Amino acid sequence: MLYAAVATGSFRRYATYRVATAAGVFTNTVFGFIVAYSYIALWDQRPHLGGYDLPQAMTFAWTGQALLAATSLMSGGGIAELQDRIRTGDIAIDLHRPADLQLWWLAADLGRAVLQLIGRGVVPLSVGALFFELALPDHPLTWLLFLTSALLAVVVSFGLRYLVALASFWLMDGAGLAMIAGLAGTFFSGMVLPLPVFPDALAHTAQLLPWASLLQVPADILLGARTGADALRGLLLQAGWAVALLALGRLVQSYATRKVVVNGG
Amino acid sequence: MADGVLETAAPRTERAADAGGRWAVVVHGLRTYRLLVWMWIRATLAYRASFAMTVVGNFAATALDFVALLLMFSRVDVLGGFTLPEVALLYGLAGTSMNLADLLMGSMDRLGSRIRDGSLDTLLLRPVPVFAQLAADRFALRRLGGITQAVLVLGWALAHVDVAWSVGRVLMVPVMVLTGTAIFAAVFTAGAAFQFWAQDAAEVQNSFTYGGKAMLQYPPTVFAQDLVRGVVFVVPLAFVNWVPALWLLGRPEPLGLPPWVAFLGPVVAALLCAVGGLLWRRALAAYRSTGS
Chain A
384 MLYAAVATGS FRRYATYRVA TAAGVFTNTV FGFIVAYSYI ALWDQRPHLG
434 GYDLPQAMTF AWTGQALLAA TSLMSGGGIA ELQDRIRTGD IAIDLHRPAD
484 LQLWWLAADL GRAVLQLIGR GVVPLSVGAL FFELALPDHP LTWLLFLTSA
534 LLAVVVSFGL RYLVALASFW LMDGAGLAMI AGLAGTFFSG MVLPLPVFPD
584 ALAHTAQLLP WASLLQVPAD ILLGARTGAD ALRGLLLQAG WAVALLALGR
634 LVQSYATRKV VVNGG
Chain B
356 MADGVLETAA PRTERAADAG GRWAVVVHGL RTYRLLVWMW IRATLAYRAS
406 FAMTVVGNFA ATALDFVALL LMFSRVDVLG GFTLPEVALL YGLAGTSMNL
456 ADLLMGSMDR LGSRIRDGSL DTLLLRPVPV FAQLAADRFA LRRLGGITQA
506 VLVLGWALAH VDVAWSVGRV LMVPVMVLTG TAIFAAVFTA GAAFQFWAQD
556 AAEVQNSFTY GGKAMLQYPP TVFAQDLVRG VVFVVPLAFV NWVPALWLLG
606 RPEPLGLPPW VAFLGPVVAA LLCAVGGLLW RRALAAYRST GS
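Keeping their order, the protein sequence lines are chains A and B. First residue of the first sequence? That's 384 in this note's numbering, and the numbers climb one at a time after it. First residue of the second sequence? That's 356 in this note's numbering, and the numbers climb one at a time after it.
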């Protein structure tokens, strides 16, 4: 099938950047230590801050680093390329292809994310488990729920980034918007600080925004803050955002491709 | 535009070579750097609205770390035994130095991709020091946003920390900023040299620059002793702010070092710059283009 081939191709393409992956793992690990120690200082003062105990807070810190690359929290991920193609006009060629634009890029992004989930996720989380006491689940089913949640996180993230990229059809320079989207993602996903630590009103709102699906929900499932029905509600929230964002992306895409004249050449 | 600049610079190289003085080469490099930076600034200012947006974005991006600190302090009164103004002082110093170094030579991290796509060879052909060309490459004036943010926090912190100000202590503040900038600049240089043999590994240098900044914004008491030892003795980032700022705050030095260590910052920075320069020369001399 076409899209499976696209995903596999993308997976293999990112798999060839071995040195870059190793460098990324190193950086994620260094940041993992810094964040973990700052959380230790924080939880030392307030032992049950945000409803987490210390091992859970440590798990949150390292899960953030493990998912950072896969969910492209701070950057455009592979979608930056789409933005470039729209800006340069190469998109006209893509639109002639006998494949759906959105599905094509979703497949490519999933391929990239699965590689980076393995390549850049496993080592930081293992190093974290080696040096700190983490609250990792014993039950394989919880791991399965976490992996499902992580994949949904990638789809939600793609939905957001795809919209940002499509904005380039109207904006000559999408860099500013991409920057703002990256900031919102970093802040409202829990990457800066777990959402339950935020002031209550802000925390409740942020839990419902799409960015919570990127890190807060999968991390909560892994560290046991969301169990049973609560975990399923988390997955449903993610799936809801995924569907909504993909539908919105489709709407914007059909509008963009009908209305916009590409300045190619 | 670039060609014009470089043509006028060319005769100077010959003169510099004739004089044979290393000093003349440095002066020539600095002059080129200034011209290239000025060119990029004019290019950036051609799109005023886009420039304004990226400055604001850069301000907001660096402010995010401080918002995290504020959120933490909304839940606790002290972090690692340090109050908010004290942590803000550490944050402001680390941020100002790192962002200044990033402005002056942050583009060095593009070296890896320049080696890969072969455009480094073009730079080598020009009669201008490669180092100056790379440092000035795509000079990112937007980083003024981040510098402004860090300076504002630093100013607020200086007004609120409990310090018995004397001439020496006041002087220590600019010394810390300059020392810190030089230390981070040396790290950028060493990172660029590292990219000659690990082209795709540009991200490793982020661990020491952005990671260093992230670490230095917290008090050293937060971290494990071994980690503190690492940033004092191995990659001496601790001299950016920890060691001198603890002296300023009248707190014991990390690792129980004697108090005079607080004044070693400039010496450490000079040494680190020398090492960085040496690594750069070695790496550049050993560079072999793929020729493709």
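FYI, nobody ran anything at the bench for these hints, they're computed from the structure. A couple of the hints might just be wrong.
[Unchecked claim] If we take Cβ atoms under 8 Å as the criterion, some of the chain B residues that face chain A in the derived model are:
1. Leu582
2. Val583
3. Glu608
[Unchecked claim] DEER-style ranges, computed between Cβ atoms:
4. A:Ala388 - B:Thr477: 20 to 28 Å
5. B:Arg403 - A:His479: 48 to 56 Å
6. B:Val590 - A:Arg633: 42 to 50 Å
7. B:Asp581 - A:His479: 55 to 63 Å
8. B:Ala407 - A:Ala482: 49 to 57 Å
9. A:Leu527 - B:Val422: 32 to 40 Å
10. A:Leu486 - B:Ala407: 49 to 57 Å
11. A:Trp526 - B:Arg389: 52 to 60 Å
12. B:Val589 - A:His431: 33 to 41 Å
13. B:Trp511 - A:Arg480: 50 to 58 Å
14. B:Ala514 - A:Arg633: 21 to 29 Å
15. A:Leu527 - B:Leu385: 30 to 38 Å
16. A:Ile501 - B:Pro482: 32 to 40 Å
All values reported here derive from a predicted model rather than from experimental measurement. Ideal placement from N, C-alpha and C gives every residue a C-beta, glycine not left out.
Hints, verified against the model:
no.	hint	verdict
1	Leu582	holds, 7 Å
2	Val583	violated, 10 Å
3	Glu608	violated, 19 Å
4	A:Ala388 - B:Thr477: 20 to 28 Å	violated, 37 Å
5	B:Arg403 - A:His479: 48 to 56 Å	violated, 37 Å
6	B:Val590 - A:Arg633: 42 to 50 Å	holds, 49 Å
7	B:Asp581 - A:His479: 55 to 63 Å	holds, 58 Å
8	B:Ala407 - A:Ala482: 49 to 57 Å	violated, 39 Å
9	A:Leu527 - B:Val422: 32 to 40 Å	holds, 35 Å
10	A:Leu486 - B:Ala407: 49 to 57 Å	violated, 37 Å
11	A:Trp526 - B:Arg389: 52 to 60 Å	holds, 57 Å
12	B:Val589 - A:His431: 33 to 41 Å	holds, 36 Å
13	B:Trp511 - A:Arg480: 50 to 58 Å	holds, 55 Å
14	B:Ala514 - A:Arg633: 21 to 29 Å	violated, 53 Å
15	A:Leu527 - B:Leu385: 30 to 38 Å	violated, 60 Å
16	A:Ile501 - B:Pro482: 32 to 40 Å	violated, 48 Å
Checked against the numbered hints listed earlier, the structure breaks hints 2, 3, 4, 5, 8, 10, 14, 15 and 16; every other hint is satisfied.
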